[in-house]
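**Student:** Based on the provided sequences and hints, a complete structural model is requested.
In the numbering used here, the protein residues as written are 1 to 355.
Read the hints as simulated data drawn from the structure, not as lab findings.
Label-pair ranges, simulated between beta-carbon atoms:
#1 46 with 79: 16 to 24 angstroms
#2 164 with 127: 31 to 39 angstroms
#3 112 with 46: 38 to 46 angstroms
#4 127 with 79: 29 to 37 angstroms
#5 171 with 135: 15 to 23 angstroms
#6 16 with 248: 53 to 61 angstroms
By construction, the Cβ of each residue, glycine as well, lies at the ideal position given by its N, Cα and C atoms.
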Amino acid sequence: MFLLALIAVQYECVELRQLVYLDAVVRHGGFTRAAEHLRVAQPAVSVQIRRLEAELGARLLHRTTRTVALTQAGELVLRRARRAMTELDAVRDELAGLAGGLLGRVRIGAIQALDPFDLPAALAAFHRQHPGVELALGSGALRRLLDGLDHGELDLAIGPMPPGLPARYARTPLFTDELVLATPPDHPLAGTDPLPLAALRDEPFVCLPADSGLRAILDRLAGEAGFTPRVPFESSHLHRLRDLAAHGLGVALVARSVAEAPGPPVAVHSVDPGPQLRPVGLLHRTDVALGAAAEACRAFLAGWMAGTGSADTSPAVDDPAFIATAPAEPPAGAARAAGRLRTPGSPTPRSVGRP
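**Tutor:** The following block contains the structure:
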């Protein structure tokens, strides 16, 4: 509410409606679509945006016959406006809670690979307790999720918890997964575990696109092993990487939960050096107040995971590559907490897939 108060003091004529219209124009890519979404006439949107620009004394949008784009001033105003609207939604949620019965809307973004966390089941259980809360669920890579938090498009994100993550993101640990290598069952190195990355210098890899966090990790690990990975096949779907590896198109670096998911058989190998551990948790902005519904959802999801006995509360290791390398022989309790991690002395790799 502080941001709304500041706007009201400095710009007495600025209306919340104008900020909502600005957000809609940018979100929907133009005045006509924004008007359709807002269910108002298109000229009304144009008038309100012009009034907002006049009051603030700055041009907020670059207009062409086909598109609109934010100016530098527009980016600043919209970022602050979205934060203010998020806080106003939080106030409404809390007031609704005081009146009896939790109400509101919670926007959640999550990465694709969340095993052993059954997010749909957890959200269904939360909704049974709070039927008045609407839930919107999207997916994406970590970078996209953080952008959603920064721009006020998400309340909560579920994804990897980079140790170098800025302090503006609060973290609630959920579980720890391991990054492993997946190869075809008949690969010459199928029986090798752990599998040294250096032994794969001449092998093709399959991976997410070049701008993904997983690709950055592959590049870093391969670089430490003395080579640059060759990636002739890419996919934007994480589980598809496993299938590509199963059919011999390349070695895949994926979460163990993905490698051991149902599908064509693959041989699963721990990475040498390693194991390579990836903590996953709930993220939200510390400088933006969570509404009552979002906070209730955050606490419920954390408790849901803890109730399975698989929650991980170990501190993150300071590694700018967004991944931690575990000690050679972690305590047995730590391995159990990681859910799918094998303890020292576990069997050599086996083919996993459909029975």
